Amino acid sequence: MDNRRLLKRVARFESVSVRMTGGWQKITSMEECVQKHARTALPKGQYCNATYDTILCWPPTPAGTVARQYCPPLRGLDTNKYATRNCTITGHWEGTSSNGEGYTDYLGCYDKTGYEAYKAYLEGKTPEERMAMKEIAKNTRAVEVAGLAVSLVALAVSLFIFSYFRSLKCSRTKIHVNLFSAMLIQVLCRLVLYIDQYVARLVAGEIAGAAAGTSGTISDTRVVCEALYILMEYTWTVMFMWMFIEGLYLHNQITVSVFSDGPNFKLYHCIGWGVPLIITIPWVITVAVTLPPTEGCWLGIEFLTTYWIIQGPRLVIFAINLTFLVIIISVLVNKLKESRSSEAEQVRKAVKAAILLLPLLGITNIMGMVKPPSDTVVAYGVYSYTSHILSSFQGFLVALFYCFLNGEVRQALSKHWDRYWQRKGQYRRTSRSQSLYTSETEVQSTFPGKGFVKIQLAKSTQKSKLNNGVHVQDKTSGSSCEPDTTTL
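Position 126 of the sequence shown, counting from 1, maps to 126 under UniProt numbering, and the rest follow consecutively.
Read the hints as simulated data drawn from the structure, not as lab findings.
Only a predicted model underlies this, so the values are computations on that prediction, with no experimental measurement involved.
We treat Cβ as the ideally placed atom computed from N, Cα and C, and that holds for glycine.
Fair warning: there could be bad hints in the mix.
Stated by the list, open to error - Pairwise CB distance ranges, derived in the manner of DEER restraints:
no., residue 1, residue 2, range
1, Gly64, Thr40, 14 to 22 Å
2, Asp375, Lys415, 17 to 25 Å
3, Arg419, Ile285, 35 to 43 Å
4, Met30, Thr286, 42 to 50 Å
5, Gly95, Ala146, 15 to 23 Å
6, Asn264, Arg166, 18 to 26 Å
7, Pro127, Leu413, 17 to 25 Å
8, Lys415, Phe265, 22 to 30 Å
9, Val143, Arg166, 55 to 63 Å
10, Gly64, Ala146, 46 to 54 Å
11, Ile285, Phe265, 28 to 36 Å
12, Lys335, Ile285, 44 to 52 Å
13, Lys415, Val378, 45 to 53 Å
Turn these sequences into a full structure, and let the hints guide you.
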């Protein structure tokens, strides 16, 4: 998770130092900047004209000197440091292109984490490589948003299915519901923050809108933004805890044959929802105390040492789930050998079991805990796309394997669909019976004395048809759920 944010932050820093967009404070155009310095005494001899780099307005500067200003209060920049522009001896701003605006060096403005990100990923790279890495970061964000949207829909549908059908309510699906709920909240928080950041850049510029407090979006509303980040980190830890519970329950179901007592859901809920709260609260307090008040919306919290307060327990749970996976696959392989199936079939089933268990136990998060490679653009791109796809589509994969492709779920949906068409067909037959009943009543009203018998006959026929298989008790409501791996 922290490394994926690092990719986006690198892209934003590259935008500051290479191509500035958007306005700043009251100066919003070159015309305003020139007007501001219209009465400023011009330097003697050659000089560089006043210019506006879309962030700061620079005054006329003598040739052969370096102009500097305090860094703007943008996120990730230190306002006690300086941004500089070099006026060459020829009276042109250094880096001048055909438009004559020149280049502003904001590298000295970066805070510690920002400079480390720039140094690790962009220093020593050619302009083409920097642009390629920036495009990769932007494209992977689009892939991530698409994956999160798909996961959001899949998780919501899965939760509805598990809640609607009584035949699916058992210990295993109760654990699934808690895990899916945590994933749904976490996915929703990420989507809201990502979409808000995109809107902020559209409203007020790529840098100023997303970091200067001028867009009026969540990114510039500190309390709301920080609350979303806290909720996202909390539910991220909740996900890991319920993945641990999933692994524990599955391990007991497969390896412990005498496991007769049902799971203690009070304990499970304390572990799944309570323990992450105990972990998150000290982290929130520590960050609130140690983070400088000038930092907007807790920028860079994942790069601080205090982040290990919540990241450490996640790594422990990851290691435990990896152990569960090895044990479960080992037990499954032994059971497959006992069934005397062919070697190829054994390998196939073992691989299938591993694929199904990977997203459920959270093993797909491993790439998010590894530092992204920066040696080459190719390595950077492979890591970025792979990690973003695995992370963003995890909710979809879990919903697919443990809900949509589950045999019991498909059976429940099939029965529900059959009953729907049965009721629909019965309604049509009932309508025809009612029409027949009305016709016979009208006839008997014309020929009194014989109507009572035929009316009673029509009512009896109608009642018989209404009771013909409509109210059938669901025999699966009392069925017990088996571990997911039994379908392998």
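Holds or violated: 42 to 50 Å for the Cβ distance of Met30 and Thr286? Once the Cβ atoms are compared, 45 Å apart, the range 42 to 50 Å for Thr286 and Met30 holds.
Tell me if the beta carbons of Ile285 and Phe265 are separated by a distance inside 28 to 36 Å. 30 Å, holds
Taking the CB of Lys335 and the CB of Ile285, does the distance hold inside 44 to 52 Å? 48 Å, holds
Within 15 to 23 Å or not, the Cβ separation of Gly95 and Ala146? Check failed, 37 Å falls outside 15 to 23 Å.
Outcome of range test on Cβ distance (Pro127, Leu413; 17 to 25 Å): 55 Å Cβ-Cβ, so the 17 to 25 Å window is violated.
Range first: 18 to 26 Å. Now tell me if the beta carbons of Asn264 and Arg166 are that far apart. At roughly 22 Å between Cβ atoms, Arg166 and Asn264 fall inside 18 to 26 Å, so the hint holds.
Does the Cβ-Cβ separation between Gly64 and Thr40 fall within 14 to 22 Å? 19 Å, holds
Return holds or violated for the Cβ distance of Val143 and Arg166 against the range 55 to 63 Å. 38 Å, violated
Note whether the CB distance of Lys415 and Val378 lies within 45 to 53 Å or breaks it. 51 Å, holds
May I ask you to test the hint 35 to 43 Å on the CB atoms belonging to Arg419 and Ile285? Violated - the Cβ-Cβ distance for Arg419 and Ile285, about 54 Å, lies outside 35 to 43 Å.
Looking only at beta-carbon atoms, does the pair Asp375, Lys415 fall within the given range of 17 to 25 Å? For Lys415 against Asp375, whose Cβ atoms are near 56 Å apart, the range 17 to 25 Å is violated.
With respect to the beta-carbon atoms only, verify the hint that Gly64 and Ala146 lie 46 to 54 Å apart. 52 Å, holds
Comparing the model with each earlier hint shows violations of hints 2, 3, 5, 7 and 9; every other hint is respected.
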